[in-house]
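Keeping their order, the protein sequence lines are chains H and D. Per my numbering, the first sequence runs over residues 1 to 468. Per my numbering, the second sequence runs over residues 1 to 468.
If you're looking for bench data, these hints aren't it; they were derived computationally from the structure. Accuracy of the hints is not assured; some may be wrong.
You can't tell identical chains apart in this list, so a pair holds if it fits in one copy or across any two.
Using 27 Å as the maximum straight-line C-alpha spacing, the simulated DSS-like pairs for lysine-lysine come out as follows [as the list claims (entries may be wrong)]:
id	residue 1	residue 2
1	Lys-358	Lys-309
2	Lys-359	Lys-264
3	Lys-359	Lys-92
4	Lys-252	Lys-432
5	Lys-380	Lys-359
6	Lys-432	Lys-259
7	Lys-101	Lys-432
Keep in mind the model is a prediction, meaning the values are calculated, not measured.
Read off the chains here:
Number of protein chains: 2
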Amino acid sequence: MKVRGEFFPKAGPMIQEKNRALVTDLYELTMAACYFDNDMFEEATFSLFVRNYPPARRYFVAAGLEDVLQYLVELRFEQEDLDYLESTELFKPTFLSYLEKFRFSGDVDALPEGRLFFAQEPILEVTAPIIEAQIVETFIINAVNLQAMIATKASRCVQVAGTRKLVDFSLRRTQGVDAGLKVARASFIGGFAGTSNVLAGKTYGLPVFGTMAHSFISSFEQEIDAFRAFAETFPQNTVLLVDTYETVAGTKKAVKVGKEMAKKGYRLKGVRLDSGDIADLSKEVRLILKESGLQDAIIFASGAFDEHKIQEVIERGAEIDSFGVGTKMGVSADAPYLDMAYKLVSYGGQPVLKLSPKKLSLPLAKQVFRLLTEQEKMEKDIIGLRDDRIQAGEPLLGKVMSHGRIIASLPALEEIKAVCHDEFLRLDDKYKTIGGEAEYFPVELSPRLERLREAVITEVERKELSGD
Amino acid sequence: MKVRGEFFPKAGPMIQEKNRALVTDLYELTMAACYFDNDMFEEATFSLFVRNYPPARRYFVAAGLEDVLQYLVELRFEQEDLDYLESTELFKPTFLSYLEKFRFSGDVDALPEGRLFFAQEPILEVTAPIIEAQIVETFIINAVNLQAMIATKASRCVQVAGTRKLVDFSLRRTQGVDAGLKVARASFIGGFAGTSNVLAGKTYGLPVFGTMAHSFISSFEQEIDAFRAFAETFPQNTVLLVDTYETVAGTKKAVKVGKEMAKKGYRLKGVRLDSGDIADLSKEVRLILKESGLQDAIIFASGAFDEHKIQEVIERGAEIDSFGVGTKMGVSADAPYLDMAYKLVSYGGQPVLKLSPKKLSLPLAKQVFRLLTEQEKMEKDIIGLRDDRIQAGEPLLGKVMSHGRIIASLPALEEIKAVCHDEFLRLDDKYKTIGGEAEYFPVELSPRLERLREAVITEVERKELSGD
Chain H
1 MKVRGEFFPK
11 AGPMIQEKNR
21 ALVTDLYELT
31 MAACYFDNDM
41 FEEATFSLFV
51 RNYPPARRYF
61 VAAGLEDVLQ
71 YLVELRFEQE
81 DLDYLESTEL
91 FKPTFLSYLE
101 KFRFSGDVDA
111 LPEGRLFFAQ
121 EPILEVTAPI
131 IEAQIVETFI
141 INAVNLQAMI
151 ATKASRCVQV
161 AGTRKLVDFS
171 LRRTQGVDAG
181 LKVARASFIG
191 GFAGTSNVLA
201 GKTYGLPVFG
211 TMAHSFISSF
221 EQEIDAFRAF
231 AETFPQNTVL
241 LVDTYETVAG
251 TKKAVKVGKE
261 MAKKGYRLKG
271 VRLDSGDIAD
281 LSKEVRLILK
291 ESGLQDAIIF
301 ASGAFDEHKI
311 QEVIERGAEI
321 DSFGVGTKMG
331 VSADAPYLDM
341 AYKLVSYGGQ
351 PVLKLSPKKL
361 SLPLAKQVFR
371 LLTEQEKMEK
381 DIIGLRDDRI
391 QAGEPLLGKV
401 MSHGRIIASL
411 PALEEIKAVC
421 HDEFLRLDDK
431 YKTIGGEAEY
441 FPVELSPRLE
451 RLREAVITEV
461 ERKELSGD
Chain D
1 MKVRGEFFPK
11 AGPMIQEKNR
21 ALVTDLYELT
31 MAACYFDNDM
41 FEEATFSLFV
51 RNYPPARRYF
61 VAAGLEDVLQ
71 YLVELRFEQE
81 DLDYLESTEL
91 FKPTFLSYLE
101 KFRFSGDVDA
111 LPEGRLFFAQ
121 EPILEVTAPI
131 IEAQIVETFI
141 INAVNLQAMI
151 ATKASRCVQV
161 AGTRKLVDFS
171 LRRTQGVDAG
181 LKVARASFIG
191 GFAGTSNVLA
201 GKTYGLPVFG
211 TMAHSFISSF
221 EQEIDAFRAF
231 AETFPQNTVL
241 LVDTYETVAG
251 TKKAVKVGKE
261 MAKKGYRLKG
271 VRLDSGDIAD
281 LSKEVRLILK
291 ESGLQDAIIF
301 ASGAFDEHKI
311 QEVIERGAEI
321 DSFGVGTKMG
331 VSADAPYLDM
341 AYKLVSYGGQ
351 PVLKLSPKKL
361 SLPLAKQVFR
371 LLTEQEKMEK
381 DIIGLRDDRI
391 QAGEPLLGKV
401 MSHGRIIASL
411 PALEEIKAVC
421 HDEFLRLDDK
431 YKTIGGEAEY
441 FPVELSPRLE
451 RLREAVITEV
461 ERKELSGD
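Just need the whole structure built from these sequences, with the hints factored in.
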């Protein structure tokens, strides 16, 4: 089934953005300046993970890695960036000269995009001279936080929609233009069919969808004039918005135009409902379409949909083939951020951690091992040290960047989407409830990691809390 | 009081972005193609407004206009955009040729940034040939929705913080990089002192703040070594993060370093708390600082702050001079979108509207008039027709763009911030409760607008709903 203006062009070039070196918190640079003053150029490892589950979530979809790698490869301080930093009077000329030559030369181990992960699990680890690994913190969190959050939200919508097609309609209310682009990409990974976002279509080669708004209808003398005009311009792609004045009356006019199209050898592709009691209206509209011999016309619905509203209308027997899913998915309205952190876990080969009664801090570079049941379902994950060996556990993090160069092939978006779909099927339903609270997927620590963690805590307490 | 790495450089150039013509929903372009096919080049007016209040809000702060105007001035379809559109096989060559020469040639009437507005009130109206006014819809909503939402959220934080300084710390979890930039700008309008976002500092000339993270502390052999190193590199800007291992122990080490600094003629600027029971800890830390003769050192707090948590710790007597306010403000977590719409209100001089039982639709170009009490407080607003005259009412919308050229001088961010501050004081407290639900500010329709609306509804119902 195809709806709206759909097509699959080849992927365009990725977006080039200037000034990304300054997409950072000032403290990354003040810390860097101080490391520089103290000749601290030894290797550090930082670990990216989500601390806790937001309400109703018990899994996350990995997304955003491609953006991170592109950023790391391109990262440069331009002359205007250096001029600006100099104008702050915070930094010494020697440090600014260092930044002028700055390149990211480190390694990245990461979970592939599209795979599922769980709270506390490292999904990306950066190992590099500490200044390099520190400066990239802000961008890395920003990129992965947004896309993982949206891919997760989108996968929830797809879960309840079943075989019905979902289209990202969120651009107008995403939090900025960059978010609009990333939401289109991440929701596609989560299982959406495409987006209304034209730039995302161009940038990522995503299918784009769209026909008309209410303004189009009301700019014509009468609704049926608008329908006829659209059918004339887009005879292959006519989905008529029928609720500008009243849905049933609008549908009857759409039927009239559909019959006119049929006489010319074309076909009314469908109608769109955007307001009112969509479940009830869709049944009424389906009946009208069927009785008029337009049983092939699809019913497209939009208007404040998210996983909950999609589930509700489907349970009420709505006759909807496809949904436009907008704002609530595009900002992940019920969970508009993840509690994602990027923590130093080793410096100069030594394990480090922050002491915190409430937050689990795991020292040294790590690996996540995934164990499956005999039925090939996900059984549990074990977080271990990077060089742990776990019987029958699949190591999830792979090296994707070495010495600042991308060494893994970046999969096409369609492949990433397929990975997500496949992983989702391997996760038991009890971990993916839509309403209410699902169960927690079991995540354990390897014995070596557990012992190391305790030893480091003891050592830190001895050094830092023993009086004076 | 100054904290952290603060400075006020001159504003840099605004960001140049490519491809903004494609930052649009596909349907804007399919509608445009159909208008084009039907020789529909008459003038249309579209009206931008927020339909409803999100939870706990009863006013909004206008922000985002500068972005909109810059976009309209720069709007072009580049060759690569046209190539992409051609590749979709949706558009005819004549229409693509039209887009090649496309310039925005219309007028914009708008509420100045920083002023307060209310639900249903038009805050920006675009009058232009319909294709032009239609194509810009998506970007305009996106830009104003984000910044108005954040400026509003920020003003709520400022309301409870009183004279305490607030700094935007949200960049790592804003929804993308563009949002990070716009959040820094909008939160400054709402009353924040500055941001941690270096690119925002460069772009908008905002004060930037930041010193160190936990990773900095734990990369040194001992906490006190990290403190000493930082004080050595930034003797004018030493705010020490004291909670990496344990806040009281950390504070005592900070005091030690503060005394060492004093011997060299420097001063410990302050300490930062980022975890634990911040209200209680801050009192304990204040006592330690005072008893050590460091009564000038400020206490900076961060960690999941929003208006509610700021209010709570202040009510509990927290000794905090300044807050870093991050994620929850940066994504407006409790209200991550506004119900903002851009509706066609006239075409070819005729009033139009969408019929909807639940949504108020107001035909023709409009004006908003603000009436003050004798005490210069805001009494009520009246939405009227553009050419209404309301006794003693200040017309709020002013013409800022004529024939595609910006005709108003764009105020500096400091001025916009002052406007917001001033308006906020004129709004009675009963409309700005933080917890619970505040009262609704009175917004009326002018008699002429009310009569017109009824007449247009009657006419539309006659034309569209009278059966056929």
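For each hint, the structure was consulted:
1. Lys-358 x Lys-309: For Lys-358 and Lys-309, the Cα distance is within 27 Å only across copies (18 Å; inside one copy 35 Å).
2. Lys-359 x Lys-264: For Lys-359 and Lys-264, neither the intra-copy (67 Å) nor the inter-copy (38 Å) Cα distance is at most 27 Å.
3. Lys-359 x Lys-92: Neither, since 36 Å and 59 Å both go past 27 Å.
4. Lys-252 x Lys-432: For Lys-252 and Lys-432, the Cα distance exceeds 27 Å both inside one copy (41 Å) and across copies (47 Å).
5. Lys-380 x Lys-359: within (21 Å within a copy, 49 Å between copies)
6. Lys-432 x Lys-259: neither (44 Å within a copy, 55 Å between copies)
7. Lys-101 x Lys-432: neither (47 Å within a copy, 51 Å between copies)
Checked against the numbered hints above, the structure breaks hints 2, 3, 4, 6 and 7 and satisfies the rest.
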